[in-house]
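**Q** The lines below spell out each chain.
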Amino acid sequence: MTRTYIGKPVTRLEDRRLLTGAGNYIDDVKLPGISTMAILRSPYAHARIQSIDLESARAMEGVIDAFCAADLDAQLPVIPLRLAPFDGFERFLQRPIAVDKVRYVGEPVAVVIAEDRYVAEDALELIEVEFDQLPTISTIEQAAAGNTLIHEAAGENMGTRYTVARGNARAAFDDAAYTRRERFVTNRHGAVPMETRGLIAEFDPEAPLLRLHGATKVNFFNRRHLAAAFDLPETSVELIETDVGGGFGARGELYPEDYLVPIASRRTGGPVKWIEDRRENLTATNHSRDIVCELEIAATAEGEILGMRATVQGDMGAYIRTNGGVVPSKAAQFLPGPYRVPSFSCDVQFLVTNKTPVGTFRGPGRFEANFCRERMLDMMADDLGIDPAELRQRNLLTPRDLPYRIGELVPGDPDATLDRGNYPAALEHLLNECGYADWDPGAETGDGRVRGMGIACFIESSAAGPPESARITVFSNGGVEIRTGASSVGQGTETGLAQICAEFLDIDMNRIDVLHGSTTLVGIGGGTFHSRNTVMAGNATRTAAEALKDRATELAALRWNCDARDLAYDDGAVHQDSDRLTLQELAAFAETRGEMLSADALFDNEKKMSYSYGAHAAQIAIDIATGVVEVERYWLTEEIGRALNPAMVQGQAIGGVIQGLGGTFLDHFVYDEDGQLLTGSLADYLLPTTSELPDITAIALENSPSEFNPMGFKGAGEGGIVAVAGAVGNAVAQALKPYSVSINELPLTPDRLRKLLRGAGA
Amino acid sequence: MKPSRFNYYAVDSIDAAISLIAQQGEDARFLAGGQSLVPMMNFRVAAPTALIDLNGVPELSNVRIDNDGALHIGAMARTRQLETDPEIAEANPLIAVAAAYVAHTQIRNRGTIGGSLAHADPAAELPGIALVCDAEIHLRGLSGARVIEAAKFFDGVFTTALADGELIEKLYFPPWPEQRCWAFQEISRREGDFALVGIAAWFDMDASGAISDCRLAAIGAGDTPLLLDSPAQTLTGSVPSDALFEKAAETVAGDIAPFDDIHASADYRREVAAVLVARTLKTAWERRR
Chain W
8 MTRTYIGKPV TRLEDRRLLT GAGNYIDDVK LPGISTMAIL RSPYAHARIQ
58 SIDLESARAM EGVIDAFCAA DLDAQLPVIP LRLAPFDGFE RFLQRPIAVD
108 KVRYVGEPVA VVIAEDRYVA EDALELIEVE FDQLPTISTI EQAAAGNTLI
158 HEAAGENMGT RYTVARGNAR AAFDDAAYTR RERFVTNRHG AVPMETRGLI
208 AEFDPEAPLL RLHGATKVNF FNRRHLAAAF DLPETSVELI ETDVGGGFGA
258 RGELYPEDYL VPIASRRTGG PVKWIEDRRE NLTATNHSRD IVCELEIAAT
308 AEGEILGMRA TVQGDMGAYI RTNGGVVPSK AAQFLPGPYR VPSFSCDVQF
358 LVTNKTPVGT FRGPGRFEAN FCRERMLDMM ADDLGIDPAE LRQRNLLTPR
408 DLPYRIGELV PGDPDATLDR GNYPAALEHL LNECGYADWD PGAETGDGRV
458 RGMGIACFIE SSAAGPPESA RITVFSNGGV EIRTGASSVG QGTETGLAQI
508 CAEFLDIDMN RIDVLHGSTT LVGIGGGTFH SRNTVMAGNA TRTAAEALKD
558 RATELAALRW NCDARDLAYD DGAVHQDSDR LTLQELAAFA ETRGEMLSAD
608 ALFDNEKKMS YSYGAHAAQI AIDIATGVVE VERYWLTEEI GRALNPAMVQ
658 GQAIGGVIQG LGGTFLDHFV YDEDGQLLTG SLADYLLPTT SELPDITAIA
708 LENSPSEFNP MGFKGAGEGG IVAVAGAVGN AVAQALKPYS VSINELPLTP
758 DRLRKLLRGA GA
Chain Y
25 MKPSRFNYYA VDSIDAAISL IAQQGEDARF LAGGQSLVPM MNFRVAAPTA
75 LIDLNGVPEL SNVRIDNDGA LHIGAMARTR QLETDPEIAE ANPLIAVAAA
125 YVAHTQIRNR GTIGGSLAHA DPAAELPGIA LVCDAEIHLR GLSGARVIEA
175 AKFFDGVFTT ALADGELIEK LYFPPWPEQR CWAFQEISRR EGDFALVGIA
225 AWFDMDASGA ISDCRLAAIG AGDTPLLLDS PAQTLTGSVP SDALFEKAAE
275 TVAGDIAPFD DIHASADYRR EVAAVLVART LKTAWERRR
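Read top to bottom, the protein sequences are chains W and Y.
Reading the first sequence from the start, the letters are residues 8 to 769 in this note's numbering.
Reading the second sequence from the start, the letters are residues 25 to 313 in this note's numbering.
Isolated chain Y, as found in the complex (with noise of 0.2 Å):
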C-alpha cells in the first residue's frame, strides 16, 4: 500500500496550477485535501505521474457571502468549515447539515469541498447538496474560466465535466430563502460511512401555503447524484401534509437507478429512498419557522 512514484510540486496560485498541469501532461493530477486520492494512490487504483498541491492557493479558500445572501464557496474550503461556520449555515443551512455527515472529523479537517466534488463519489454528500441547491460550479483551465450548473457536472461514477488540466475555482449557491423548509437524511452502515442512501430536499411556500418551488436529490441511488423530479412535481402547487409526502414518496422510484454491492442491494435503496424521501419532506416541514 505504497503509491508508484511521482513528481509533487506545490503552487501559489491558480494560474501556476493549470498552467503547470499543462505542461505536466494528462497522467498530473491536482491535489486537494487528499483524502479519496491518497488512498487510491496507497492502493496503486490511481497512479499519477505528477501532483499538484493546491494546499498553497490562498484565492481557493475564499468563502464569500454577497449582500443578496448567495455564498460562494472555495474549492478548498474544508468540509469541517462547512460544518461549523456560522455565517455558512445562516447563507445555506442545509450544507452545514449535510456536511457533517461526511465522513469522520479528522477527513473533514482535510477533506474540501471541490475535491469532493470533482472525485465524484455517486454516494457523497456534497455533490448531492451541490445538485439539490442549484449550485454552479465555476472551472478555470488553460482556455479560460467557465461556469457549469450543478445538474450538468456529473457524468457517471466518478466521472465529471472537468475537462483535462481544469480546476474546481468555487461554487455558487444561489440566495437562500428565510422561510425555505430544508432537511437531509441518509443511512449508512456506521455513521462517516458513505450513504447507502440519502436524501436532500427543500420547498419554499406562495402566500396561499401552497409549495411554489422544491428540489429533492438523491446520493447513493445512481451513478451520480440524482435529481427526483417526480416527487417534486407532485409537491409542486399543493399543500404540505404528511399524505403529499408520502405520495411525493411513492413517485421516487423511477428517478432512480440503484446499484447492488456489498452493503445493500438495489431493493433496498430503492425502498429505502422512497422512506426517506418521505422522512426528509416530514422533517423540513416539521422544521418550518
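Just chain W, with the same shape it has in the complex (with noise of 0.2 Å):
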C-alpha cells in the first residue's frame, strides 16, 4: 500500500493536546524549589541613572534576592546582532540591564527574585532609583538632528546610512514623460502574541550548566552566544523548547531577559522563572515597522515603469538588538516588489530614538514596501488614467523575464534572484475569484456608504539561512520520532514533519511523535523564521526517511542474511518475496546489537531562495460622516510551490490577512513627546478580534514548484499579511476618489480619515 499525506489536509497532531489544556507553556513548568523574578523597567525614555538603592526591596519578606548592573561584573555582555549587522550598529548595541543611563520607558534598571510574583511586584515598588531626566528623541527628525545623543559614543543618532542601487535611476527619471513623488508612513507596531515572553533558568556554575526553559526560533544561535557570555562550553548550555502561543518573528530573539533570567538564578542559586506580564511585553518585546518611506516613480506615458528612487528611515527605538537592519533594509529591498524596474535606488537610515527597540514582526519590511509601491501605483494608474489592474499586468515580471536579477539590494547579503514563476498568472486568478473586471467603482450602495476594491501583488521570500536538521528514530515498541532542530511556534511543525515522515517510510502518521527546538535533541539547527520550516526542515526530514528506509533495509539483509538489493520496502516493512519485517521489528532487531534504527540528515539550501508571490484584494465600505471602514470581503492568491497541508496553509494565510488589517487599522505604539508610550495595555493597543473579521478567500497557488528542494516548497506563513496594507489602503483611497484625499499613512482610523475628509470639505 501508498500511504499519501502530504497534500492532504490531516488535523493537527497537537490540536487535541491544546485544545483541550493540556499543552505545556512556559508558565506550565513546575520545578521545586522554584522562584519567581519581577523586573523594575525605566519610567523615562531618557535619563541618567544617578542612584539605585535596594535595600529595602532586598529586606521585604519573601524577597530572595535583588540586584542591579552595580551589582554584576563590570563588563556586563551586549545583546549580538543576529542579523543584517550593519558597519556602525556596533556603538548601539544593549546589555541586559541599564548601566548608568535609560534609552527607553521598560528598559530594565533592577531585578527582584522572590518567592512568588505578588511579593515581587511589592518589592519593585520599595526599590529607589534617582534619575536624572534627559531631552527625549521621540521622532526621527529630532534623531536626525542629534541636539541630543541617546548614545554619546557614537557621536551620532545615525544607527548606519546606506545606499543600494541597480541601473541608472537619474537617467531613468531624467528621460521619464511621469514622475510622481509622495510620502508614506507605516505606524509603530508588533507581534503582540497571544502568550507573552517567558523564561525559566537553572544555573549550575559547578556542573558546569545552564538550562533556559522557554526557548525558541533560534535556539543554537542564542546557545552559542549565551555560552560566551556566561564564559561556559556550548555543551553546558541547554536551550528547552516548551509549547508556544505565537511568535511572529519577536518570540525566541535574545532579549536582555535572557540573560537576567540566568544571572538571577546564579545569583540565587537555584531555578527562577520569570514571566513577562501584557504591561512589559508591550514595552519589553520588539516593536517593529516603523518606517517613513518617500518613494519617486518614474514611467512612460504608458504606465511601464522606468525606476524608483527612495529614502527608507527606520526608527530602530533605542539600541539595535539581534534583528538589526532588518526591518528598513528589507522595505528597501522589497519596494521594487514583483514588477519589472529597471533602475532603482534607494537612500535607507537607521534612525535611534528613545523607543523601544525594532526587531522584525511577520513579513518585515515587506507588509511596508508594499504598502507604499502599491498606493504609489494606484496613484499612478488614476493620473494616467490607467485601469489598476492593467497597470500592474503592464510592469508584473513574466515567465519570460524569471529568473531575474535583482542584484545586492541589501550590504552584505548575495546577489539576489528571484526565482521561476508566473506572476501575472496569480494577478489574473485573484481579479477572476474577486469579480474585478464586474466591479463598479461609482455603484450606489443603498445604505448611504462608499464602497472601493483595492488590489496589490507581492512576493515573499522564504527559507535563507542555515541549515535545519532532522533524525528520525525507530523504536522497538513501534514508535517513530523525528527530532529537528526547527521550533515550533504554534505553526503546525509537528503536523507538518510527521505528515512527510509518514508518506515517505509509508507509516500511519499516528505512530509519530515530533520533538522539536531544543538544543538536547539534535547536534545543530538553523531555527525557525523566513518562513522556513517546511522547506528546510520538511526537507530534511525526507532525507532522514530516505536514509531510514536504506538502513532498515540494510539490517533486513543482515537479519536474512542475503542481499540488501534484492528486498523491497513498503508499507512500513522491508519484503523479500512473501516475508516481511516491519520497521518495529527491525528496530527490536536493531537494539539487540547494541544500536537504535535511526537516521540523521541536514537540509541546506544553499542560500538559495524561493519567493511565494501572489496578489490581494480588499473590498471595503466607508461612512463617510464618521470615517468608519468595514472590510467586507478579501481574497487573495499565493503560489507556494507545494501545500504539505492545505489546511494549515489556508490557516496561515487567512490569520495572516487578519493580523494585517490589525496592522492597517488598530495596531498602533503610539508615543508622547516624552517617550512614554500611550498605548500600554490591551484596552489601548488594539488588536483584530473575531468581530472585526471579513470573508477571506484565500487560495493556493501550486502551479510553480520551486526548484531548489526536492518537495518543491515555497514559504507559506507570510504572504496572507504582507500585501494587506497596500490592498486595504488602495480601496479605501478609491472609496474616497472624489474627496481626492492622500492615504498614505497607517493606520486608517476614523479619526484619521475624517481629518482628511475634513480638509477635502466633506
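Careful: at least some of the hints might be erroneous.
Residues from chain Y shown here face chain W by an in silico Cβ test under 10 Å; the list is partial [said to hold, decoys possible]: (1) V62; (2) N66; (3) R204; (4) V296.
For the record, the hints were derived by calculation from the structure and aren't laboratory data.
Where a beta carbon is used, it is the ideal one built from N, C-alpha and C, also for glycine.
Hints are included, so try docking the two chains, each in its own frame, into the full complex.
**A** Shown next as C-alpha cells:
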C-alpha cells in the first residue's frame, strides 16, 4: 500500500493537546524550589541613573535577592547582532540591564527575585531610583538633528546609512514622461502574541550547566551566544523549548531577560522563573514596522515603470538588537516588488530614538514596502488613466523575465535573484476570483456608504539561512520519533513533519512523535523564521526518512543474510518475496545489536531562496460621515509551490490577513513627546478580534514548485500579511477618490480618515 | 500586573456591607463585577486595602417591574441580564439595546449596572442610559438611604456623588410609554470597546403629531455623560422630520465638551456627535409603532 499524507488537509496532531488544556507552555513548567523574578523597568524614556537603593526591597519578607547593574560584573555582555549586522550598529548594542543611563520606557533597571510574583512586585515598589531626566528623542527628525545623543560615544543617532542601487535611476528619471513623489508612513506596531514571553533558568556553575526553558526560534544561535556570555562551553548550555502561543518573529530572539533570568538563577542557586506580563510585553518585546518612505516613481506615458527612487528611514528605537537592520533594509529591498523596475536606488537610514527597540515581525519590511509601492501604483494608474489591474499586468515580471536578478539590494547579502514563476497568472486568478471585471466603483450602495476595491501584488522570500537538521528513530515498541532543530511556535510544525515522515516511511502518522527545537535533541539546528520550517525541516525530514529506509533494508539483509539489493521497502516494512520485517521488528533487531534504527539528515538550500508571490484584493465600505471602514470581502492568491497541508496553509493565509488588517486599522504603539508609551495595555493597543473579520477567500496556488528543494515547497507563512495594507489602502483610496485625499499613512483610523475628509470639505 | 496586598470580605447583606466598609476605612472598596476595579488593581492604579464583595448579597440583584411599568434594577444585576431579559426589554427597550454594546459577553456576564455607574467612565453606555431615562439612583450608607437623580450623580471622570462608604442599592427607571420613539447609536474602534462617542435619545408625541417630550444624552463627549438640552429644545413642539433632526443635530456642539485621546480627537467626537444625533433620531422615528 502507499499512504499519502503530503497535500492532505490532515487534522493537526497538536490540536487535541492544545485545545484541551494539555499544552505545556512555559508558565506550566513547575520545578521544585523555583522562585519568581520581576523587573523594575524605566519609567523614563531618557534619563541618567544617579543612584539605585535596593536595601528596602532586599529586606522585605519573601524576597530572595535583588540586583542592578552595579551588582554584576563590570563588563556585562551585549546582546549580539544576528541579522543585517551593518557597520556602525556595534555602537548601539544593548546590555541586559541599564548601566548609568536608561534609553527607553521599559528598559530593565533592577531585578527582584522572590517567593512569588506578588511579593516580587511589592518589592519593586520599594526600590528607590534617582533619575536625572534627559531631553527625549521621540521622532526620527529629532534623531537626525542630533541635538541630544542617546549613545554619546557614537557621536550621532544614525545607526548607519547606506545607498543601494541598480540600473541608472538618475537617467531613468531625467527621461521619464511621468514622475510622482509621495511620502508614506507605516505605523509602529508589533507581534503581540497571545502568550507573552517567559523563561525559566537553572544555572549550576559547578556542573557547569545552564538550562533555559522557554526558548524558541533560533536556539542554537542563542546557545552559542549565551555560552560565550556566561563563559561556558556550548555543551553546558541547554535551551529547552515548550509549547508556544505565537511567535511572529518577535519571540525567541535574545532579549535582556535571556541574560537576567540566568543571572538570577546563578545568584540564588535555584531555578528562577520570569513570565512577561502584558504591560511588560508592550514595552519589552521588539516593536516593528516604524518606517517613513519618500518614494518617487518614473514611467512612460503608457505606464511602463522606468525607475524608482526612495529614502527609507527606520525608527529603530533605543538600541539595535539581534535583528539588526532587517526592517528598513528589507523595506528597501522589496520596494520594487514583483515588477520590472530597470533602475532603482534607495537611501536607507537607521535612526535611533528613545523608544522600545525594533525587530522583525511577520513579513518584516515587506508589509511596509508593499503599502508604499502599491499605493503609488494606484496613484500612477489614476494619473495616467489606466486601470490599476491593467497597470500591474503591464509591469509584472513575466515567466520570460524570470529568473530575474534584482542585485545586491542589502549590503553584505549575496546578489539576489527572483526564481521562476508566473506573477501575472497569480494576479489574473485573483481578479477572476474577486469579480474585478464586474466591479463598478461608482455604484450606489443603498446604505449611505461608499464602496471601494483595491488590489496589491507581492513577492515574499523564504527559507534562507543555516541548514536544518532532522533525526528519525524507530523504537522496538513501534513508536517513531522525529527530532528537529526547528522550532514550533504554534504553526503546526509537528503535524507537517509527521506528514512527510509518514508518507516516505509509508506508516500511519499517528505513530509519530515530533520533538522540536531544544538543543538537547539534535546536534545542530537552524531555527524557525523567514517561513522556513516546511522547506528546511521538511526536506531534512524527507532525507532522514529515505536514509532510514536504507538502513532498515540493510538491517533486514543482515537479519535474512541476503543481499540488500534483493529487498524492497513498502507499507512500513522491508519485503523479501512473501516475508516481511516491519520497522518495529527491525528496530528490535537493531537493539539486540546494541544500536538504534535511526537516521540523521541535514538540509541546506545553499542560500538559494524561493519566492512565493501573489496578489490581494480588498472590498471595503466607508461611512463618509464617521470615517468608519468595514472590510466586507477579502481575497488572496499565493503561489507556494506545493501545499504540504492545505488546511494549515489556509490557516496561515487567513491568520496573516487578519493580523495585517490589525496593522492597517488598529495596531499602533503611540508615544508622546516625552517618549511615554500611551498604548500600554490591550485596552489601548488594539488587536483585531473575531468581531472585525471579513469573509476571507485564501487560494493557495501550486503551479510553480520551487526548484531549490526536492519537494518544491516555498514559504507560506507570510504571504497572507504582506500586502494587506496595500490592498486595503487602495480600496479606501478608491472609495474616497471624489474627495482627492491621500491615503499615505497608517493606521487608517476613523479619526485620521475624517481629518482627511474634513480637509476636503466632506 | 499583580495587585498589592488587600483583605477580602464576603458579605450577605447591604447592612453588613456598609457597616464593614465603615470599619475598614477610606481605602476599602466594594467589589461588584470587578471588570474595571480588578484591572486597575492589577496595574496598581488602585490599591484598596480591603475589598468587600457584594456578589453574595441577594437583595442587590433584584429586578422588579411595577404595575405602572416602572423598572427597579438592583445594582448587582449583570449587564448580560439587562441585554437578554425579555421583561427588562419590555419595560425599557433602550436599556437592553445599549447593554449589548458593553464590552463582550464574558465581561457582561460579570459586570453590573451599579458597578458601571459607580465607576463613571464618561464613555460607558449604562451611565448614559440612566441619564437619558431620568433614572433615580438609590444609595445606602451608614447615615441611611437617599435617592439622587442620575443628572446629579456624575461629577466628573470616574467621580460621582457617592459618599465614602456609600453603595448603590438599585436604579429606578420611570414608566416607559409604549408609543415612545427611542434609539441608541455609538461609534467605537472595535466592537465592544468604549464608545468614541455615543448618543441615546427618545421622544414622545402628542395627539397633534408634535414632539411633546424628549431626552438626548451623549457619552464620550465630556467628563461625564451629558444631557443634550439644545437639540431637545429644538425638537420639543415640532413635528418629526429628517430636516428637524438635522436641525437638532446642528445645535449639539454647545452641549458637549469632548476631549482628545489616542483613539480620536475632540474635533472627531464633536462632528460625529452631531452625525449620531441625527441618525439616532431618525432611527427612533423609523421605529415608531
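**Q** Now tell me, hint by hint, if it's right for this structure.
**A** Checked hints:
Evaluation of the Y:V62 hint against chain W yields a violated restraint, the C-beta minimum of about 13 Å exceeding 10 Å. Annotation: interface hint on Y:N66 holds; nearest CB of chain W at approximately 9 Å, less than 10 Å. With a least beta-carbon distance of about 26 Å to chain W, the hint placing Y:R204 at the interface is violated under the 10 Å criterion. Because the smallest distance between the Cβ of Y:V296 and any Cβ of chain W comes to about 5 Å, under 10 Å, the interface hint for this residue holds.
In summary, the structure is inconsistent with hints 1, 3 from the numbered list given earlier, while agreeing with the others.
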